[in-house]
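A.B. asks: Okay, here's what each chain looks like letter by letter:
Number of protein chains: 2
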Amino acid sequence: MFAKEVYVRRRETLLAKMREAGQSGLILFIGNTEAPAQYKDNYYKWRQESCWLYYFGLDEPLMAATLDIDSGAETLYADDVDIDDIIWMGPQPSVRSKADSTGVEHSAPYGAVGNAVALACKSGRAVHFLPPTRYFNTMKLAALLPGAAPSEALIKAVVSMRLIKEDIEIEALDHACDLGIEMHSVARDAIRLGIVEQEIVGKMEGVALAKGWGAAFPTILTQHGETLHNHGHAAIIEPGKLLVVDAGVESNEHYASDFTRTYPTSGKFTTKQREIYQIVYECNELAYSLCKPGITYREVHLATARKMLESLSALGLVHGDLEEMLAAGIAGLFQPHGLGHNMGLDVHDMEDLGENLVGYDPDQTRATQLGLRSLRMARRLCPGHVITDEPGIYFIPALIEKFKKEGLGGNFVNYAKLEGYYDFGGIRLEDDILITPEGARRLGHGRLPISPEDVEAAMAR
Amino acid sequence: MFAKEVYVRRRETLLAKMREAGQSGLILFIGNTEAPAQYKDNYYKWRQESCWLYYFGLDEPLMAATLDIDSGAETLYADDVDIDDIIWMGPQPSVRSKADSTGVEHSAPYGAVGNAVALACKSGRAVHFLPPTRYFNTMKLAALLPGAAPSEALIKAVVSMRLIKEDIEIEALDHACDLGIEMHSVARDAIRLGIVEQEIVGKMEGVALAKGWGAAFPTILTQHGETLHNHGHAAIIEPGKLLVVDAGVESNEHYASDFTRTYPTSGKFTTKQREIYQIVYECNELAYSLCKPGITYREVHLATARKMLESLSALGLVHGDLEEMLAAGIAGLFQPHGLGHNMGLDVHDMEDLGENLVGYDPDQTRATQLGLRSLRMARRLCPGHVITDEPGIYFIPALIEKFKKEGLGGNFVNYAKLEGYYDFGGIRLEDDILITPEGARRLGHGRLPISPEDVEAAMAR
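Chains L and W supply the protein sequences, listed in that same order.
Take 1 as the starting number for the first sequence in the working numbering and just add one per residue.
Take 1 as the starting number for the second sequence in the working numbering and just add one per residue.
It cannot be assumed that every hint is accurate.
From the structure, some residues in chain W lie toward chain L, with a derived Cβ separation under 8 angstroms [as the list claims (entries may be wrong)]:
#, residue
1, S50
2, I87
3, M89
4, Y135
5, M139
6, A143
7, V201
Using C-beta positions, here's what the derived DEER-type ranges look like [what the hints assert, rightly or not]:
#, chain 1, residue 1, chain 2, residue 2, range
8, L, T368, W, M89, 38 to 46 angstroms
9, W, W88, L, E323, 23 to 31 angstroms
10, L, R125, W, W88, 37 to 45 angstroms
Since the hints were derived computationally from the structure, they do not count as laboratory data.
The beta-carbon is built from N, C-alpha and C at its ideal position, and this holds for glycine as well.
In isolation and in its complexed conformation, chain L is listed as follows:
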């Protein structure tokens, strides 16, 4: 938890933004409760809701709060513990002292939030709330405000704040990235032919748990990188494959990191692997070199797509006019995802507040083309933006076949040559970038080896 003043200031800013937007009424925040894994009392690891963390910092289940836009009154709703709780959970600070620790003036039992909301509704006042991220919160909101919709004004105000990271957040992100780099180094050093992928994942996530909250998202570690979100880890590491490792650490302060590296399982790239790797590497570097205030991340995405097609063309996998290929969405056949996303308290920061409200400026419309349509962050870059730079090239047989069958690739795609890549897999290379007033810098101290030479050298050690 940061100092009390941080949360007081953030809530004041939020109320001011709501007033500026002509809003009145109550803002309602519902914190998370424990998430059952098996039966109700066997929980997954506790994780607070991110907006709650941002505005209150209190890292405990079953809390709610109201902020009165008109009067400025703030109330924390939570229950004090009884003797049974003390036996099972130990002595706990009072709700009153918790409210003090985040600078909230009023406190009340958890159940009282229902009365506060009912009273506001009865008086015809608006109750603003954010889209719920968990089933519990959905149920709670449905009970408190049946049929009500989340407040777009509140979403916009929150997004405008969380998008631009404060210095204390950048420090926390640097730390999360340091942990992510440490975790990835453990992964790279653990790669051995003949072991099960899961053994590497266990070592990695052990580091994440020892030093931070844990893995920031389900670790992707797969020799089938062409499956973008492959969460199975039962395969044996085989010679001559490419191993995609996409993983990050959430720090104890709940900030995320998110890195991807792709390793030749045998320690050396084949010529074919290295050709494709080099393209992805150059796209990653190109994106970073373009990042600075003023350019949109959509433009950066398109620049890497152009670079990718140009290089694939040189390999003879596509052919034709570059601009025409871009317009036809041929890049999406090879990289059916966007170049990157916002990162912060969530690894896809604020995703549940609405991808377009988070990642698109009011004057930007989301594309419908495969690849570009999956771009989660398209905005004009500003100092304080934290984004991922993660180009990738994948050979997805089902997608190539679909393009061929439905003519989606026009005359641009060399399907005959692509058949030789059906068992290739995929390559993705990802860093985390902070936009600065001058340009950009990669988060974390140091950088995971990324050039093909450095990767091979690191694996040889």
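Fit chain W to the given chain L structure using the hints.
C.D. replies: For chain W alone, coordinates are given in the frame of chain L:
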């Protein structure tokens, strides 16, 4: 997943039991869906619902099934994947082939389960379902069968089956226990003065993730063992403390293990620590020696409570007639929890089916006394029962003060002497036990060091 025949047989047995109990209509099973950690698409690690695993084995989200008690017809409801799913999740077997793999004759889209339930309700047929364990399942059931209550007949039939472990389950439990022993050994070897508790937890859970599904429940690793479910790991390991480590591994087959050991942080017990440790150790051994078919686990709990009071009496912490102390519930002041619980696919097996229906025979009533009332497993032991043996002694200042203030300890408690234990912490020692036709055996190959001598010797290595 076990062989198809296992699931076919289990479902046949379940239907036969329901018919024997005079039931008719449909049995409805709802599998789990992904559980959001931050935003909706950033999930916790996937875990299927345990009864679903038991009867179907299919380890994937968003599935449902109906079993027709009258006709015997079985239907699996799930959706086939489209091209977008293939890009993100890879090629997937068809729902039809998944149904085949568990021997279910009919299959239909996920949404069709709503029609099946509506049709049954319309025809006045009963629809039996189990208590939901997650908020998603609660919402789903509320939508399908508004206001309906879980079926006690179904709960009883399921409990009667899952309570008695089959040979393939015992093998899986032995494996989970082997992994648990390995994880605990890593923990013991990692204890160092001056490190943060979290560093040990990370190493332990890394082993669980590398070799199994992960930790079977949130690891308890604390120098405040007097807090029974202490999940914070931010403390520094300090000299002269007792470190309680209560943790288990869920295997890839989703069977649990659950062990507790208590270590002197400095490697050697103080005299005071060793006196109390010896009592808990003897209670653990006594419970195991008494375990055999025919005795109730309530009797075993009471035998250890008697032993505990006898030994605490010898130390001068309590005094008076042993039977009177037992009757007055004095044991609960020191061990406010039960001796153990059932274990299987869930670490507290089937807890959400109702603790009394799972852990108590029809002729047993649950006690109201502190300690005994928390006994989750009281039944007469049968071959195939898998239970934990986990006596503990804790010095909980808030509880002792409550006893003193409210006179709950009668004249039995030496409060003056107890004041010298306010900073003692707690000790718990737990093994996992299988009831056999002849008696009992501890699960797992080998046993974690437990006698004070063996613990000190293991820590000295």
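A.B. asks: Decide, hint by hint, whether the structure agrees.
C.D. replies: Status of each hint after checking the structure:
1. S50: holds, 6 angstroms
2. I87: Result: holds, 5 angstroms to nearest chain L Cβ.
3. M89: With a closest approach of 6 angstroms, the M89 (chain W) hint holds.
4. Y135: Check passed: Cβ of Y135 (chain W) comes within 4 angstroms of chain L, closer than 8 angstroms.
5. M139: holds, 6 angstroms
6. A143: Cβ of A143 (chain W) sits 12 angstroms from chain L, so the hint is violated.
7. V201: holds, 6 angstroms
8. L:T368 - W:M89: 38 to 46 angstroms: violated, 22 angstroms
9. W:W88 - L:E323: 23 to 31 angstroms: holds, 29 angstroms
10. L:R125 - W:W88: 37 to 45 angstroms: This hint holds: roughly 42 angstroms between Cβ atoms.
Hints 6 and 8 from the earlier list are contradicted by this structure; the remaining hints agree with it.
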